[in-house]
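**Q** Letter by letter, the chains look like this.
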Amino acid sequence: MTTFLPSVIQFSYLAAASLFIVGLKQLGSPATARRGNVLGAIGMLIAIVATLLDQNVLNYEMVLVGILIGSALGAYMAQKVEMTAMPQMVGLLNGFGGAASALVAVGEFWKGVDAGRVLPLDDTITIILSVLIGGITFTGSLLAFAKLQELVTGAPITFPFQQPFNLTLVIGFLVCSVYLVMHPADTLTFLVLIGLSLVLGVLFVLPIGGADTPVVISLLNSFSGLAASAAGFVLMNNMLIIAGALVGASGIILTEIMCRAMNRTLANVLFSAFGSSQTSSEGSAAVDQDKTVRSIDTEEGAMMLGYARSVVIVPGYGMAVAQAQHSVRELADQLERLGVEVKYAIHPVAGRMPGHMNVLLAEANVPYTQLYDMEDINPDFDRTDVALVIGANDVVNPAARHNTTSPIYGMPILEVDKAQHTIVIKRGMNAGFSGVENELFYQDKTVMLFGSAKDVVAQLVTGVKDL
Amino acid sequence: MAEGLITGIVVFVLATFIGVEVINKIPPTLHTPLMSGSNAISGISLVGALLVAGERNWNLSVILGLIAVILATINVVGGFLVTDRMLQMFKKKEVKA
Chain A
1 MTTFLPSVIQ
11 FSYLAAASLF
21 IVGLKQLGSP
31 ATARRGNVLG
41 AIGMLIAIVA
51 TLLDQNVLNY
61 EMVLVGILIG
71 SALGAYMAQK
81 VEMTAMPQMV
91 GLLNGFGGAA
101 SALVAVGEFW
111 KGVDAGRVLP
121 LDDTITIILS
131 VLIGGITFTG
141 SLLAFAKLQE
151 LVTGAPITFP
161 FQQPFNLTLV
171 IGFLVCSVYL
181 VMHPADTLTF
191 LVLIGLSLVL
201 GVLFVLPIGG
211 ADTPVVISLL
221 NSFSGLAASA
231 AGFVLMNNML
241 IIAGALVGAS
251 GIILTEIMCR
261 AMNRTLANVL
271 FSAFGSSQTS
281 SEGSAAVDQD
291 KTVRSIDTEE
301 GAMMLGYARS
311 VVIVPGYGMA
321 VAQAQHSVRE
331 LADQLERLGV
341 EVKYAIHPVA
351 GRMPGHMNVL
361 LAEANVPYTQ
371 LYDMEDINPD
381 FDRTDVALVI
391 GANDVVNPAA
401 RHNTTSPIYG
411 MPILEVDKAQ
421 HTIVIKRGMN
431 AGFSGVENEL
441 FYQDKTVMLF
451 GSAKDVVAQL
461 VTGVKDL
Chain B
1001 MAEGLITGIV
1011 VFVLATFIGV
1021 EVINKIPPTL
1031 HTPLMSGSNA
1041 ISGISLVGAL
1051 LVAGERNWNL
1061 SVILGLIAVI
1071 LATINVVGGF
1081 LVTDRMLQMF
1091 KKKEVKA
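Those sequence lines, one after another, are chains A and B. Take the first sequence: its position 268, counting from 1, is numbered 268 in the numbering used here, and each next residue is one higher. Take the second sequence: its position 27, counting from 1, is numbered 1027 in the numbering used here, and each next residue is one higher.
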């Protein structure tokens, strides 16, 4: 312990940590979630004010200028961001958090070097850990941001000997770490460690494909928490350790949920470069040439929907890309006017981050009581007249249930094929992200409505209005 | 190992268990706000940044600390505000006349 913090500060930290926990708990229900978020913000304010009381904080002017700049930028970003761009936003913020944590550790290291004191073993190790996690979070998040923003290609980027190369860097990092532990004042080694951490962050996200970003964003979210915890160990500050651990746990749970929803292990997501060329061919060859697709026009589609008793809408990211969510809501309104029961079925990986689709639909004023998770809606498809699939593909492919040779075999899906009829709105017959042909499209109960989601849904709205 | 480090590890492990317990109960509908909200909480490194940047004398540590203050504040303010913006869109059935 370098300083003795007055108990007031420690108790404020305890209050802040408690508010974080209660706030997270209240995020568990849409009714209390907003209050929960406010509680978290109050907790943060208490923690910051308490820290400013610390006798070591003397440089008030500059610190306040820093806070003002950061607040202005943060507020601006939060106001401007589109809901479809939420994954990028969270990615970028993860990166900033990670960078801040790493900088804290670097600052502590330099403080020690400047003062000419030799850092004890514990401190050196925690500083190295903090720089590593923070650095990876920083550059990894920036690359994830660039991929989502399409500044760089969303496809997995691979190069020869990628994994041996990465492994070499990891070993290099370990060697330098050991050296630094033995020579704690060696700044050059320390700089090399910083550089390696930043490079490792890039290399870690490079081979991961665009559609796997829900996993990456969740994992980096977890890392940003762990980075804060690590910085907490450097400063021996419980506030950072607790808050970081909470976020670390949250991110890792979401990561696991996303992996399960895609029926893949974390290692598979991180290292297999899924979606790159080699996975695409096998599934499509399996479909016979004689299978036919039945296509209808929007008038007939409107009739099927309007005279149904129950309709389940299955939105995929294609709907969001086409910005069709408002038209979809309008269609649902028109159907309800005719007495049709409308529900939405949301697959866990329907968007670009966990729960993304729910936010996009909420933005279009769809009441959250109509949104159903996969486990809750699947038993209902038996009793559903029409399932309306908009811009979703792999998550409704029945092959995942029975075709053991399919790359998506075993992935939990929305069982739209069990509905009386299925209408699929789709641009063309292209395969889904996994590159697998969707046998749903060839079933007798399925009809296709070809066209852009926005146009087709708008025409359906007109059609239903005229019924 | 120093006593402080051991206490830190104890705190970390217990906090992780609390995090897992609390967050496991959050429904998928709210996963995006959960992520952006917890993201804001990870901006707690602002506290560490303040401690590093707070020294009276100018040196490299203070400059790094100030950069960290700015980045962490963006994380905190942006995270909480955007979460609030999202959550206010989550509505039950609107009552129409």
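In case anyone wonders, no lab produced these hints; they're calculated from the structure. For every residue, glycine included, the Cβ atom is placed at its ideal position computed from N, Cα and C. Hints are not guaranteed to be accurate.
[To be verified] Which residues of chain A face chain B? A few of them, derived with a C-beta cut under 7 Å, are:
1) Pro30
2) Leu58
3) Gly70
4) Ser224
5) Leu246
6) Asn430
7) Gly432
8) Ala458
9) Gln459
10) Thr462
[Stated by the list, open to error] Here are the simulated DSS-like cross-link-like pairs (lysine-lysine), alpha carbons at most 30 Å apart as the crow flies:
11) A:Lys445 - B:Lys1092
12) B:Lys1091 - A:Lys111
13) A:Lys111 - A:Lys80
14) A:Lys111 - B:Lys1025
15) A:Lys418 - A:Lys445
16) A:Lys343 - B:Lys1091
17) A:Lys454 - A:Lys291
18) A:Lys465 - A:Lys454
19) A:Lys445 - B:Lys1025
20) A:Lys343 - A:Lys454
21) B:Lys1093 - A:Lys418
22) A:Lys291 - A:Lys465
23) A:Lys445 - B:Lys1091
24) B:Lys1025 - B:Lys1092
25) B:Lys1093 - A:Lys454
26) A:Lys80 - B:Lys1093
27) A:Lys291 - A:Lys445
28) A:Lys25 - B:Lys1092
29) A:Lys445 - A:Lys465
30) B:Lys1092 - A:Lys418
31) A:Lys25 - A:Lys80
32) B:Lys1091 - B:Lys1025
33) B:Lys1025 - A:Lys465
34) B:Lys1092 - A:Lys111
35) A:Lys291 - A:Lys111
36) A:Lys111 - B:Lys1093
37) A:Lys25 - A:Lys111
38) A:Lys418 - A:Lys343
39) A:Lys25 - B:Lys1091
40) A:Lys291 - B:Lys1025
**Q** All hints, please: hold or fail.
**A** Hint check:
Residue-level restraint check for Pro30 of chain A holds (minimum Cβ-Cβ distance to chain B is 5 Å; threshold 7 Å). The restraint placing Leu58 of chain A at the interface with chain B holds, with a minimum CB-CB distance near 4 Å, inside the 7 Å limit. Against a cut-off of 7 Å between C-beta atoms, the interface hint on Gly70 of chain A holds, since the closest Cβ of chain B lies about 2 Å away. Residue-level restraint check for Ser224 of chain A holds (minimum Cβ-Cβ distance to chain B is 4 Å; threshold 7 Å).
About 4 Å separates the beta-carbon of Leu246 of chain A from the nearest beta-carbon of chain B, less than 7 Å, and the hint is met. Here the hint on Asn430 of chain A is broken, as its CB sits about 27 Å from the closest CB of chain B, past 7 Å. Proximity of Gly432 of chain A to chain B is violated relative to the hint, the smallest CB-CB distance being about 21 Å (cut-off 7 Å). Against a cut-off of 7 Å between C-beta atoms, the interface hint on Ala458 of chain A is violated, since the closest Cβ of chain B lies about 21 Å away.
Proximity of Gln459 of chain A to chain B is violated relative to the hint, the smallest CB-CB distance being about 24 Å (cut-off 7 Å). With 7 Å as the threshold, the beta carbon of Thr462 of chain A stays out of range of chain B, its nearest partner Cβ sitting at about 21 Å, so the hint is violated. For the hint linking Lys445 of chain A to Lys1092 of chain B, the alpha-carbon distance of about 33 Å lies beyond 30 Å, and the restraint is violated. About 50 Å separates the Cα atoms of Lys1091 of chain B and Lys111 of chain A, which puts this hinted pair outside 30 Å; it is violated.
A distance of roughly 38 Å separates the Cα atoms of Lys111 of chain A and Lys80 of chain A; the hinted pair therefore is violated under the 30 Å criterion. A threshold of 30 Å between alpha carbons decides the hint, and for Lys111 of chain A with Lys1025 of chain B the separation of about 42 Å lies outside it, so the pair is violated. Under the criterion of a C-alpha separation no larger than 30 Å, the hint pairing Lys418 of chain A with Lys445 of chain A is consistent with the structure, at around 9 Å. Taken as a hint, the Lys343 of chain A and Lys1091 of chain B pair is honoured in the structure, with Cα atoms around 15 Å apart against an allowance of 30 Å.
The suggested pairing of Lys454 of chain A with Lys291 of chain A holds, with an alpha-carbon distance near 28 Å, which does not exceed 30 Å. For the hint pairing Lys465 of chain A with Lys454 of chain A, the CA-to-CA distance comes to about 17 Å; that is within 30 Å, so the pair holds. A threshold of 30 Å between alpha carbons decides the hint, and for Lys445 of chain A with Lys1025 of chain B the separation of about 37 Å lies outside it, so the pair is violated. For the given pair, Lys343 of chain A sits about 19 Å from Lys454 of chain A by alpha-carbon distance, which is consistent with the 30 Å threshold.
Under the criterion of a C-alpha separation no larger than 30 Å, the hint pairing Lys1093 of chain B with Lys418 of chain A is consistent with the structure, at around 28 Å. At most 30 Å may separate the alpha-carbon atoms for a hinted pair to count; Lys291 of chain A and Lys465 of chain A exceed this at roughly 34 Å. Distance check on the hinted pair: Lys445 of chain A and Lys1091 of chain B sit about 34 Å apart at the alpha-carbon level, beyond 30 Å; violated. Under the criterion of a C-alpha separation no larger than 30 Å, the hint pairing Lys1025 of chain B with Lys1092 of chain B is consistent with the structure, at around 20 Å.
Proposed proximity of Lys1093 of chain B and Lys454 of chain A is supported: the alpha carbons are some 24 Å apart, at most 30 Å. Between the alpha carbons of Lys80 of chain A and Lys1093 of chain B the distance comes to roughly 27 Å, so the proposed pair stays at or under 30 Å and holds. Only pairs whose Cα atoms come within 30 Å are accepted, and Lys291 of chain A paired with Lys445 of chain A is accepted, the gap being roughly 13 Å. Restraint check for Lys25 of chain A and Lys1092 of chain B: satisfied, since their Cα atoms lie roughly 20 Å apart, inside the 30 Å limit.
A distance of roughly 25 Å separates the Cα atoms of Lys445 of chain A and Lys465 of chain A; the hinted pair therefore holds under the 30 Å criterion. Under the criterion of a C-alpha separation no larger than 30 Å, the hint pairing Lys1092 of chain B with Lys418 of chain A is consistent with the structure, at around 29 Å. At most 30 Å may separate the alpha-carbon atoms for a hinted pair to count; Lys25 of chain A and Lys80 of chain A meet this at roughly 28 Å. With a C-alpha separation of about 20 Å, the suggested pair Lys1091 of chain B and Lys1025 of chain B falls inside the 30 Å cut-off, and the hint holds.
A hinted pair counts as satisfied when its Cα atoms are at most 30 Å apart, and Lys1025 of chain B with Lys465 of chain A does not qualify at roughly 41 Å. Taken as a hint, the Lys1092 of chain B and Lys111 of chain A pair is broken in the structure, with Cα atoms around 53 Å apart against an allowance of 30 Å. Proposed proximity of Lys291 of chain A and Lys111 of chain A is contradicted: the alpha carbons are some 71 Å apart, above 30 Å. Between Lys111 of chain A and Lys1093 of chain B the alpha-carbon distance is near 57 Å, which puts this suggested pair outside the 30 Å criterion.
As the CA atoms of Lys25 of chain A and Lys111 of chain A are separated by approximately 38 Å, the hinted pair breaks the 30 Å bound. A distance of roughly 15 Å separates the Cα atoms of Lys418 of chain A and Lys343 of chain A; the hinted pair therefore holds under the 30 Å criterion. Distance check on the hinted pair: Lys25 of chain A and Lys1091 of chain B sit about 19 Å apart at the alpha-carbon level, within 30 Å; holds. Annotation: proposed proximity of Lys291 of chain A to Lys1025 of chain B is violated, straight-line Cα distance about 44 Å (limit 30 Å).
Consistency with the previously given hints fails for numbers 6, 7, 8, 9, 10, 11, 12, 13, 14, 19, 22, 23, 33, 34, 35, 36, 37, 40, ordered from lowest to highest.
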